[in-house]
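Visitor: Each chain is listed here by its residues.
Number of protein chains: 2
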Amino acid sequence: MTVKIITVGEDILGTNEEKARANNKRLDGYGILTVDIMSSPGAGKTSLIMSTIKYMKEKARMAVIEGDVASSVDADKINEMSIPVVQINTAGGCHLDANMVESALNDLPLEDTDLLLIENVGNLICPNAFILGEDKRVMISSMPEGDDKPYKYPAMFADSDVVLLNKIDLQPHLEFNVDGFKKIVTGLNPDVIFFPVSCKTGAGMDAWFAWLESAVKGKKNR
Amino acid sequence: MTVKIITVGEDILGTNEEKARANNKRLDGYGILTVDIMSSPGAGKTSLIMSTIKYMKEKARMAVIEGDVASSVDADKINEMSIPVVQINTAGGCHLDANMVESALNDLPLEDTDLLLIENVGNLICPNAFILGEDKRVMISSMPEGDDKPYKYPAMFADSDVVLLNKIDLQPHLEFNVDGFKKIVTGLNPDVIFFPVSCKTGAGMDAWFAWLESAVKGKKNR
Numbered sequence: 016m017t018v019k020i021i022t023v024g025e026d027i028l029g030t031n032e033e034k035a036r037a038n039n040k041r042l043d044g045y046g047i048l049t050v051d052i053m054s055s056p057g058a059g060k061t062s063l064i065m066s067t068i069k070y071m072k073e074k075a076r077m078a079v080i081e082g083d084v085a086s087s088v089d090a091d092k093i094n095e096m097s098i099p100v101v102q103i104n105t106a107g108g109c110h111l112d113a114n115m116v117e118s119a120l121n122d123l124p125l126e127d128t129d130l131l132l133i134e135n136v137g138n139l140i141c142p143n144a145f146i147l148g149e150d151k152r153v154m155i156s157s158m159p160e161g162d163d164k165p166y167k168y169p170a171m172f173a174d175s176d177v178v179l180l181n182k183i184d185l186q187p188h189l190e191f192n193v194d195g196f197k198k199i200v201t202g203l204n205p206d207v208i209f210f211p212v213s214c215k216t217g218a219g220m221d222a223w224f225a226w227l228e229s230a231v232k233g234k235k236n237r
Numbered sequence: 016m017t018v019k020i021i022t023v024g025e026d027i028l029g030t031n032e033e034k035a036r037a038n039n040k041r042l043d044g045y046g047i048l049t050v051d052i053m054s055s056p057g058a059g060k061t062s063l064i065m066s067t068i069k070y071m072k073e074k075a076r077m078a079v080i081e082g083d084v085a086s087s088v089d090a091d092k093i094n095e096m097s098i099p100v101v102q103i104n105t106a107g108g109c110h111l112d113a114n115m116v117e118s119a120l121n122d123l124p125l126e127d128t129d130l131l132l133i134e135n136v137g138n139l140i141c142p143n144a145f146i147l148g149e150d151k152r153v154m155i156s157s158m159p160e161g162d163d164k165p166y167k168y169p170a171m172f173a174d175s176d177v178v179l180l181n182k183i184d185l186q187p188h189l190e191f192n193v194d195g196f197k198k199i200v201t202g203l204n205p206d207v208i209f210f211p212v213s214c215k216t217g218a219g220m221d222a223w224f225a226w227l228e229s230a231v232k233g234k235k236n237r
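Here the protein sequences line up with chains A and B, keeping their order.
When you number the first sequence by my numbering, it's gap-free, plus one each residue, and the end is 237.
When you number the second sequence by my numbering, it's gap-free, plus one each residue, and the end is 237.
One chain only, chain A, in its complex shape (with noise of 0.2 Å):
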């Protein structure tokens, strides 16, 4: 299987929320769930997206699309575990949008798909602004970038309805208080579900788990 490349130019442009829409609309067609990764450089949506397909590949038919502003290297490391995906590289582009997501669609088996990741570019603050059609948004905060990012990066964990706190193993060598910005994030978003992980160790992770397939079953039995 080879990876599928998409680099954007300029003549892909049009309205990104109608676009939005209508992904949406193409996505629910098949029953798919499709979930936006987002998070700075670093934080672990790659790493997510891997511990997710090796849990549920048996469970769910998955697809991912990779957003980097360059290189393919994460969906090689996705292609590896024969998991169909395409990889956007956004040619410096800060942020996916509705138009790169489209494109992705074309290449992707969607009616043999129950569950589409999409792992955005890094970055907490441009691609909050653009929805791609997904019906959740899922941002990861790392515990090394510090417990004050809700207060500097407000949007994306205001808007996101999942926020995983990543790298929780790093703990003891950290000044982070988990409830203090457990207690911003809540402040800024009530009705945020909240899952502290590790990624590397898996700890926490069977929560993550557990609320993803009840939403993949739930949009299949809609």
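Hint data in this document are derived by calculation from the structure and do not stem from the laboratory.
A few of these clues could be false.
Same chains, same label: a pair holds when it works inside one copy or across any pair of copies.
[As the list claims (entries may be wrong)] With a Cα cut of at most 20 Å, we get these calculated EDC-like pairs of lysine to aspartate or glutamate: (1) K215 - D184; (2) K215 - D163; (3) K232 - D221; (4) K40 - E126; (5) K92 - D163; (6) K40 - D150.
Mind docking chain B on chain A? Use the hints.
Guide: Chain B in isolation, oriented as in the chain A frame:
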């Protein structure tokens, strides 16, 4: 001393490069070394600035411009150290630009400044495209982000004069290949100056301070 806060509206426009050249000329007139500090969220920009103030404040007259999407928590910390500081809130914008910096310069005592540190918005993509009038660009990459970041965000690594690899105190708990990382960075940027440091423990900071002190003197003696 109260912290001056600039909230950026749509009325601040203009051509960025022209304005940046004007800022640079203005700062040159005062013999001020100006450094633009860029990184992912939570990589250690504020920690670097605070450590640098502690070391440099007896050696050079310093001032700071703090860029954030929201909040003034960083500027408040700098203000407590009795260093002139202006907070720029970008109101959702993902980078500083030369217009914002020009506004901030109007509120700083330039005639009494030798070294101006500008903390850009936490983002590995957008700030790179906007020069501000700086003499040097310094980027911080932190070890927990992973050693593959130069592959994924090559432009900022390629265009920075200095790359600081921060949080090396966490190395025993991470899988991070320092030599491999340095090799990718110097491949993108053969003239880069590379400092592995820990702002937390102080490891490696002497080399950074020596470089900065020398650059401040070089600017004064031109």
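Visitor: Now, for every hint given, state plainly whether the structure supports it.
Guide: Hints and how they fare:
no. : hint        : in the structure
1   : K215 - D184 : both (8 Å within a copy, 19 Å between copies)
2   : K215 - D163 : between (23 Å within a copy, 16 Å between copies)
3   : K232 - D221 : within (16 Å within a copy, 56 Å between copies)
4   : K40 - E126  : within (14 Å within a copy, 60 Å between copies)
5   : K92 - D163  : between (32 Å within a copy, 13 Å between copies)
6   : K40 - D150  : within (10 Å within a copy, 50 Å between copies)
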